[in-house]
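Just so you know, the protein sequences line up as chains A and B, in that order.
For what it's worth, the numbering used here labels the leading residue of the first sequence as 1, then goes sequentially.
For what it's worth, the numbering used here labels the leading residue of the second sequence as 1, then goes sequentially.
Take these hints with a grain of salt, some might be off.
Stated by the list, open to error - Restricting the straight-line Cα-Cα distance to at most 30 angstroms, the calculated cross-link-like pairs of lysine-lysine (DSSO-like) are:
no., chain 1, residue 1, chain 2, residue 2
1, A, 33, B, 4
2, A, 222, B, 85
3, A, 222, B, 4
4, B, 4, A, 170
5, B, 4, A, 114
6, A, 220, B, 4
Just so you know, these hints were derived from the structure itself, not from any lab.
The structure displayed is predicted, hence computed values, not measured ones.
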Amino acid sequence: MTKTLVEINNLTKKYPAGPIAVKDISLTLEPGKIIGLLGPNGSGKTTLIKMLNGLLKPSAGTILIDGNSPGEVTKGAVSYLPEFTYLPENMKVNEIIEYFADFYADFKTERALKMLESLQIEPNANMKTLSKGTKEKVQLILVMSRDAKLYILDEPIAGVDPAARDYIIKTILANYNENATILLSTHIITDIENILDEVILLEKGTVIIHTTVEEIREQKGKSVDTYFREVFAC
Amino acid sequence: MSWKLDSDRPIYTQIVERLQIQIVSGEYGPGSRLPSVRDLAIEAGVNPNTMQRAFTELERLGLVTTNRSTGRQVTEETEMIQKTKNELAANQVRDFISRMSELGFEKKEIISLLKNEMKEETGND
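Isolated chain A (complex conformation) (with noise of 0.2 angstroms):
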């Protein structure tokens, strides 16, 4: 029995004045999977997260998210960590997750909090005040202390050290329902493969392959890092 979270049909994004950035493009998502959304820069990741978060319009094909297009109603079962910080400079932490809970019905203050201990961070501390990589860690909490059915992390990872990347990687693992999906964009292959059950390649806005991280590992032998940097060695 197989069910599906997000079903994409066809899917171009088209920019007035450049090249065709999503091409034609179907996917299907099921429920409860880790899936690396990978590729380089340039081939479609962030465009294609960017329409499943209704931030940018389809030039044609559709995306249903449990059954719905994206807009208010999927806003509720997408919890969207997005590349770049929003977070406002001139509040405390402990305000934002405030903010979070106010906004979110699905916000869980006491997991936020939890996981601001086991990394470090003071609850009190004004965000202006906080290292890149700490204010990216504030925000990874913010996204994954939510109970959501599909999380969109869009580089996780590529802005905090090695050691805090082991330990984001298990905060992932620790806080999502087991009946979620986490779909996370990355270069960074290596540190996250093991985590993965899926793995989609993009390549100049089209999908080259989607498999699974063990399919690869057992048909190809080798890892899927090193897989990639084959397919697109030139």
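Based on these hints, arrange chain B on the given structure of chain A.
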């Protein structure tokens, strides 16, 4: 720290191997309760579905049983554990012999080398 896993082999087979060793070595003794899939996945730094798959394989091999009320535990059948231990040992010995043959040693030489080495080890005790 996450478990050390090779990057070129399926993850679940490596988890099965590691748990097999922990079971035959008695680290998880007969009848003892195993951590939950989620907890062990976090410890290992792997996907919970992959850990689940490894547990399913250990159940298929008869090393792990699942009980609705007590959860997942190591089998109480010590014969089963001993059998696995013997198989793992046999694999190690076969590997050793084939690597020695690659180096050009004959059976007799391997045995005498092994005897000498074992003598030295007991002598050092």
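Given the hint that residue 222 of chain A pairs with residue 4 of chain B, test it: the Cα-Cα distance must not exceed 30 angstroms. Answer holds: residue 222 of chain A to residue 4 of chain B is near 16 angstroms, not above 30 angstroms.
Does the alpha-carbon distance linking residue 222 of chain A and residue 85 of chain B stay inside the 30 angstroms limit? holds, 29 angstroms
30 angstroms Cα cutoff - pair residue 33 of chain A, residue 4 of chain B: holds, 23 angstroms
Is residue 4 of chain B within 30 angstroms of residue 170 of chain A, Cα to Cα? holds, 15 angstroms
Given pair status - residue 114 of chain A, residue 4 of chain B, alpha carbons within 30 angstroms: Status holds; Cα separation ~27 angstroms.
Holds or violated: residue 220 of chain A with residue 4 of chain B, Cα cutoff 30 angstroms? The hint holds at about 20 angstroms.
The structure shown violates none of the earlier numbered hints.
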